[in-house]
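Undergrad: Protein chains in written order, with my numbering: chain H, 1 to 334; chain F, 1 to 334.
Worth flagging that the hints you see were computed from the coordinates, not collected in a lab.
Possibly wrong hints are sitting among the right ones.
Said to hold, decoys possible - Simulated crosslink set (DSS-like; lysine-lysine; CA at most 25 angstroms straight-line):
| no. | chain 1 | residue 1 | chain 2 | residue 2 |
| --- | --- | --- | --- | --- |
| 1 | F | K246 | H | K190 |
| 2 | F | K95 | F | K83 |
| 3 | H | K246 | F | K253 |
| 4 | F | K278 | H | K275 |
| 5 | H | K278 | F | K250 |
| 6 | H | K246 | F | K246 |
2 protein chains.
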Amino acid sequence: MSDITRVALDAMGGDNAPVEIIKGAVDAVNENENIIVYVVGSSEEVDRELSKYTYPSDRIEKVYSTEIIETAEPPVMAVRKKKDSSIVRGLNLVKDGTCDAFVSAGSSGAVLVGGQLLIGRIKGVDRPPLAPLIPTSKGVSLLVDCGANVDARPNHLVQFAEMGSIYMEHVVGVKNPTVGILNIGAEEDKGNALVKETFPLLKNASGINFVGSVEARDVVSGDVDVIVCEAFAGNVCLKTLEGVAKTLLKEVKAGMLSSFTGKIGAALVAPSLKKALKRFDASEYGGAPLLGLKGLVVKTHGNSKSKEIKNSILQCVSFKEGRISDRIRNKLEK
Amino acid sequence: MSDITRVALDAMGGDNAPVEIIKGAVDAVNENENIIVYVVGSSEEVDRELSKYTYPSDRIEKVYSTEIIETAEPPVMAVRKKKDSSIVRGLNLVKDGTCDAFVSAGSSGAVLVGGQLLIGRIKGVDRPPLAPLIPTSKGVSLLVDCGANVDARPNHLVQFAEMGSIYMEHVVGVKNPTVGILNIGAEEDKGNALVKETFPLLKNASGINFVGSVEARDVVSGDVDVIVCEAFAGNVCLKTLEGVAKTLLKEVKAGMLSSFTGKIGAALVAPSLKKALKRFDASEYGGAPLLGLKGLVVKTHGNSKSKEIKNSILQCVSFKEGRISDRIRNKLEK
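Extracted from the complex, chain H is given alone in its bound form (with noise of 0.2 angstroms):
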């Protein structure tokens, strides 16, 4: 295995594209000198904003393309007519061998889509979760699914929970992660139809280590590591604690900032008080694989900063020491 990660970067997606897209390429293969970043996107853009920057040249290579899928645009019709937009020529990227994954933070339906037409699944795997490590009072948990299979179905959350199980052994390195599933409540014949089918089918799987039931007020509290849920729950659950932590903080500032002695008392807690909320901080995560795909996809918030994006692309090269899709091919392949 060569010890160059190459990363596909889709510098066209997002809401601060391609500025801050282009800003995180930088910053990555000036952190980490093992990177090589293929920055995907219109010539014109590409060719000005790296102009901005000083960084190893043979560390960034420009690759133009000449379209741009919409966030609103029907996804599978995008990918197919799109050819040469920034995500399906990052993708063919992963696709022909020439990068090891590829970040996007455009068009969620695009990535999830292209991804599984041009990369393609892992033979076994019914439906590629997407998986964001979510921040927790004791470190980071796995939240699978949260947005890529809606309406999925028991035995596919069983996947998720194996191919989870992996993620967090052999790339937050943890050893024998627990997994839970996502209910509300904590006894065995509590949740929906779906929670009730999967329980016993997860109670009964080898090879994880299931715990039982985990209800949403305790996926911060960080005791189980992997928590496996249908996408539109996972979705809701990772969404509500994104707007509850930027709110909640946006609160807390403007309450300290609402009176004089708060305001001196706030300059004197700033720094203790940065350093407890960045462990919150979405960005300090990168961005969320897709799971069971033949290459490393990473997804990244649609407003992702230039921090988010550096974090997104030095994280591949865990994925890649993890080799997470190898050892998902074998547990899954049968």
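With chain H's structure known, arrange chain F on it following the hints.
TA: Okay, now just chain F, sitting in the frame of chain H:
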């Protein structure tokens, strides 16, 4: 309509029963002289706890019951068999007209099932949802349903929207409240099967102010007054909100106290911070009503302390004044 609001209170339900529950009752009657609380529970515990306090003796009635429904009990069976439980006795006080409302921190399942079996649904209402007010940047929003009806159907969600709008208008006082559907994207074609089927129904429903999809991250921004959802997703949203708020505030506090200057700063920011954060304290908002029953049934958190119990009891005055059940009957009884 009598100026007095009569509230039946389950003294035996919840993690902190009977101590905190009964303290909440005493605090409520001491705060509002137009409330009479019927404290339902074991004679020994009710007498012992009430003897600790001073309160106008004509404003607390003791109702002795001998049985308790545990959280883990199958609800239908429990409600049918335990006729002398605090939940069944309390619900019957509403059924027979003695009380205007029933408040419980006990078994959600038993309260939901008992409310439907004993008090009954308003004609035309298919599924009574649990509808808590949730704190937002702008005030409060109503999240319907947060736990009563998993795997609800599209027409149920339309009724949630209708009942929730009545609640926000006549209890909370929001004129022509906006209604949104909890979704995983802003576009109309996003969502799971349930949301896709429900969306056009809401769009065409008369008498509600439907504004489209609400992503979970925007729930706390408070832009939409009534957010409808299936109970599993709603419960995940609500519980994540509560879990994150609690965890984050703990981290903020720990962060501030981790250094010497932080400690001094913390003392200075404490008063203004407290004020800002009070709004995100679930116990400030009392319990969640079960909308669409012939009488008022309010479920509070299982871990409620006296403040939440007190607020839940006080809230019943607004419910009564808002004549919610009458208005829902007029709207839905076609």
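Undergrad: Evaluate each hint against the coordinates.
TA: Here is how each hint holds up against the structure:
Of the supplied pair hints, the one linking K246 of chain F and K190 of chain H holds, its CA atoms being roughly 24 angstroms apart against a limit of 25 angstroms. At roughly 14 angstroms between alpha-carbon atoms, K95 of chain F and K83 of chain F fall within 25 angstroms of each other, so this suggested pair holds. Restraint check for K246 of chain H and K253 of chain F: satisfied, since their Cα atoms lie roughly 17 angstroms apart, inside the 25 angstroms limit. Distance restraint check for K278 of chain F and K275 of chain H: the Cα-Cα separation of roughly 24 angstroms lies within the 25 angstroms cut-off, and the hinted pair is therefore satisfied.
This hinted pair checks out: K278 of chain H and K250 of chain F have alpha carbons roughly 14 angstroms apart, not beyond 25 angstroms. Pair hint K246 of chain H plus K246 of chain F holds up; C-alpha atoms about 14 angstroms apart against a cutoff of 25 angstroms.
Checked against the numbered hints given earlier, this structure breaks none of them.
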